[in-house]
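J.: As a plain string of letters, each chain reads:
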Amino acid sequence: MIQSILDAISLGGLYALAALGLGLVFGVMRLVNFAHGELITIAAYMLVVTVNLPLIISLLLTVLVTAAVAFLMELTIYRRLRGVNPAIMLIASFGLSTVLQRVYELIFGALPKSAVVAPFLNGAFKFAGLSITISSVITIVLTVVILLAMGYLVEKTSLGLQLRAAAADFRTARLLGVRSNRLISAAFVLSGVLATCVAFILVVENPEVNPYYGVNITILALVGIVIGGISSLRGAALGGFVVGVILSALNTLLGNGRVYAYSWLFLLVLIILLVRPGGFLSKGSELERV
Amino acid sequence: MPLLEVTDLIAGYGRVEVISKISFSIEAGKSVGIVGPNGVGKSTLLQAIAGGISPSGGSIKLDGVDIKGKKPEDIVRLGLSLVPEGRQIFSGLSVKENLALGLTGRKDKKGSVEAILKMKELFPVLSTHENHQAGMLSGGQQQQLAIARALISEPKVLLLDEPSLGLAPTVIDDVFDRLKQIIALGTAVVIVEQRANLVTTFAEETLVIRDGHVQSRLTPADAANLASLEKSYFGAGE
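Chains A and B supply the protein sequences, listed in that same order. The opening residue of the first sequence carries number 1 in my numbering; numbering runs sequentially from there. The opening residue of the second sequence carries number 1001 in my numbering; numbering runs sequentially from there.
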């Protein structure tokens, strides 16, 4: 039971991180970046490929490469599309996602690559007579630390203030001097850093990395963003968390029926959206903006 | 040499030309009013000067520097701030945070603390409500916040788009009193207004815009005897 709760919280935390990465970019660009999944994938590949290096070096390399891919994604594709119809940007992000999957296939092959990343995180320990996996505890600790750091960045720093202002009204933020290119680049780089965190946690539990590795979690994080309220980072993170917890709970409760876990999840999402169309953290007025 | 010199400015949205060949100039410590009915291009003119939209022709010189087509975030650093229509304060952020955002446009970050103190002195209401959400302020307080936020970058030229919008008459007087103080400190102020009488009396020169071009130029002396003429231009009432 305790293990199930821990699993639910850690999965929720993981989805919250993924949703936060998506939410950051959406905030400043009104872009749902489907290619965020491919940032998670490249980070996972990097962790597996550099597994023989000391963990800290491997992590640093991974962050650098993933943030660079995120940065280049914006510089080469999205920057040129800024100001066009949001639907076009959405399609572009689908396209970019597919292209990156093909590129990964070319570089790393279609078959999964795997390696045991951070082996000390596998295994379990006894606590009050219960067996608890180390990874679930580490995931929770890591998630809390990252969320707190992100919270500090967004709430207390000048960059965070600019991100919040730009998310609310980019035009006015620019009139006040917020440099649009720099700020959007920063949001992408941050989303790359968050994608690395997500990939690290994922890879510890499932080291079989294929070109579609990050797709699933990205779609579920998007669901989280939608039910949490797409226009606030807090809502995005909370929505991601809720989706993770629900999914984990469904997996436990449904037993053999867990193949239907997604169906139940989406049914719940539908109900939530019928009751609160703007997400549960939204105010009524935010509806038409989405 | 004038501080801001707009010559034959042409701007619009997409292929629709909203303003055609508008020219005016303003010197330090002076004010220019811009009046005209709804939809004649007053806001477009301000947006084109501040970089919100890219002009398709003409020239804009700020203190001798050509700013036409520059990004708004660069123009504010060169010393021109716009208080946009409807104030556009960040209602979800605190008053303090709104003011801090104004600092992003400062060229010299050193004087930031002093600049904020100066604004609080000029608009005392802002320090009383410092930690409140800006959206909780009254309309007049929000207008003061919007002006203070634009002034924190210490612009040479301040553009205001309908500062009286949605405000009670006594509050409007208060806002214009503050503007007088700001002008006295040497800032050049351009005010777009629907309330023609108010701004014609206030500003040294007032442009009447009609269908995207300057129809006439008024001075405060014209305000009184032109009142009836204006009625014919703008229809009954303001």
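Some hints here could point you the wrong way.
[Claimed, not checked] Straight-line C-alpha distance at most 25 Å; calculated SDA-like pairs for lysine to any residue: (1) B:K1061 / A:R171; (2) B:K1109 / A:R171; (3) A:K156 / B:K1061; (4) B:K1096 / A:G160; (5) B:K1107 / A:T157; (6) B:K1030 / B:S1059; (7) A:K126 / A:V32; (8) B:K1096 / A:R182; (9) B:K1071 / A:A186; (10) B:K1096 / A:T76; (11) A:K156 / B:K1030; (12) B:K1156 / A:K126; (13) B:K1071 / A:I2; (14) B:K1118 / A:S158; (15) B:K1156 / A:R179.
Keep in mind that the hints were calculated from the coordinates and are not lab data. Note that the structure is a prediction, hence the values are computed from the model and not measured.
J.: Compare the structure with each hint and give your call.
T.: For each hint, the structure was consulted:
no.: 1; hint: B:K1061 / A:R171; in the structure: holds, 22 Å
no.: 2; hint: B:K1109 / A:R171; in the structure: holds, 22 Å
no.: 3; hint: A:K156 / B:K1061; in the structure: violated, 37 Å
no.: 4; hint: B:K1096 / A:G160; in the structure: holds, 14 Å
no.: 5; hint: B:K1107 / A:T157; in the structure: holds, 19 Å
no.: 6; hint: B:K1030 / B:S1059; in the structure: holds, 21 Å
no.: 7; hint: A:K126 / A:V32; in the structure: violated, 42 Å
no.: 8; hint: B:K1096 / A:R182; in the structure: holds, 23 Å
no.: 9; hint: B:K1071 / A:A186; in the structure: holds, 19 Å
no.: 10; hint: B:K1096 / A:T76; in the structure: violated, 36 Å
no.: 11; hint: A:K156 / B:K1030; in the structure: violated, 39 Å
no.: 12; hint: B:K1156 / A:K126; in the structure: violated, 69 Å
no.: 13; hint: B:K1071 / A:I2; in the structure: violated, 56 Å
no.: 14; hint: B:K1118 / A:S158; in the structure: holds, 21 Å
no.: 15; hint: B:K1156 / A:R179; in the structure: holds, 20 Å
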